[in-house]
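Residue numbers (the UniProt record's numbering), protein chains in the order written: chain A, 1 to 246; chain B, 1 to 246.
Warning: the hint list may mix true and false statements.
Note that identical chains are pooled: a pair holds if it fits in a single copy or bridges any two copies.
[What the hints assert, rightly or not] Once the Cα atoms are required to be at most 30 Å apart in a straight line, the calculated DSBU-like pairs of lysine-lysine come out as:
#1 Lys171 to Lys33
#2 Lys56 to Lys119
#3 Lys56 to Lys214
#4 Lys33 to Lys103
If you're looking for bench data, these hints aren't it; they were derived computationally from the structure.
Protein chains: 2
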Amino acid sequence: MNQGHTEAEPESSEPLRYLSKVEAAAIETELLKDYRFGQQQLIEIWGHACAIGIAKAFPLRSLGKRQPTVLVVCGPDQNGCIGLVCARHLRMFEYEPTIFYPKRSPHTVHQDFTVQCEKMDIPFLSYLPTEVQLINDAYNLVVDAILGPETDPADMREPYAGILLTLKQVKIPIASLDMPSGWHVEGNNTEGINPDVLISLMAPKKCAASFPGKHFLAGRFLPFDLQRKYELNLPEYSGTDCLVEL
Amino acid sequence: MNQGHTEAEPESSEPLRYLSKVEAAAIETELLKDYRFGQQQLIEIWGHACAIGIAKAFPLRSLGKRQPTVLVVCGPDQNGCIGLVCARHLRMFEYEPTIFYPKRSPHTVHQDFTVQCEKMDIPFLSYLPTEVQLINDAYNLVVDAILGPETDPADMREPYAGILLTLKQVKIPIASLDMPSGWHVEGNNTEGINPDVLISLMAPKKCAASFPGKHFLAGRFLPFDLQRKYELNLPEYSGTDCLVEL
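Working from the sequences, and respecting the hints, build out all of it.
Okay, structure coming up:
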């Protein structure tokens, strides 16, 4: 019989690894090229896990407003698509997501995720109010699915710089997917937005090492070989959970 | 604000709908064509939910054998691919799946799912022992991911007829994905295999109406409009659960 079980366990005595930008990109490339994971598949796994993380951090019964509204702000690339999937699952979990997706990706895979949300009658905002009080009043929280580790904050263009300026002022909690938008992957980020919840995907990025809020790790699908190769030292997930609090 | 919440709830007072073959196919076509879900995405969602169902029905600590072995038998089409994804997630949940996949699909999407399992060192059997005692001794249970509702039992070819004959004789429990292989979607199936657990996907098929074993419904992603259009009257899922016991 298959005897590989005990040696296949990741080591847990070593400290959790926080990834550089290059390492995060290398792992994703290896997943797509060598392990033949699909982009659509990964985005679905990640978005689903993020929705579960948000439901854990902000249970329906804990929300202050009469309606369980959530504003999901989606960026132009993969992080934005993870936000779309997250919004769709939040809808299934009885939340009322509203999406702000100012620049839509031209990729078919990304467009498909957009159509899924549109066809499920999830409303899309045509602009983000600059009056932050309107956001504070209308939503229980904001999901930040704007920029992932692939984006250098120095290259950030409008409308994202303006959106992040608005998000720095909102009083309702922010949950960031993979990493807080606008932060340097490896830097010190005292100037950026200040999310209450962070859901790191695959493994946390270096910038998350000093994150003071509620921090989840999500995406329980990384092959054990890859975990070992990059010495990720991931914590143990419980039962069939797809995320774990760090 | 979005006021659609209460009216978007599916009705739960009407009885759960059991689908005909035509209805099951129509819902899937609508998901793929109109809602722009991807095949890869659906198979990932379903396989993941099936693995969770199996872990619920057969928790690691409940398994009789020293190693948490599971034999996953995969058919040539979509049901087989759901089995591949299920096996991969079972591996993440610390089970030791072994796959028997005698006829591999030529579709790229399906091949990708195969590579993912191979690269995760999940063993593939080159043949199924005809001596059922070998199966009873080696595995804790069998996952039947052979044939879905699209296959007419009358068209069943080898090696599947022989495999089902073997599975009719095994003494360890069988968990069937979507429907028990070899059963008529809408028929009375006293002659077929006799699974202990059934994990229906999207909505149960007509043949499941009199299923006497443990019956889960999985795949909590069906747009509410589609649920209403086909009058599915799905039961309520709890919290963020992706499956519910019927």
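Do the hints match the structure? See the list:
| no. | hint | verdict |
| --- | --- | --- |
| 1 | Lys171 to Lys33 | neither (42 Å within a copy, 41 Å between copies) |
| 2 | Lys56 to Lys119 | within (26 Å within a copy, 32 Å between copies) |
| 3 | Lys56 to Lys214 | both (10 Å within a copy, 28 Å between copies) |
| 4 | Lys33 to Lys103 | both (28 Å within a copy, 24 Å between copies) |
When the structure is compared with the earlier hints, a violation turns up for hint 1 alone.
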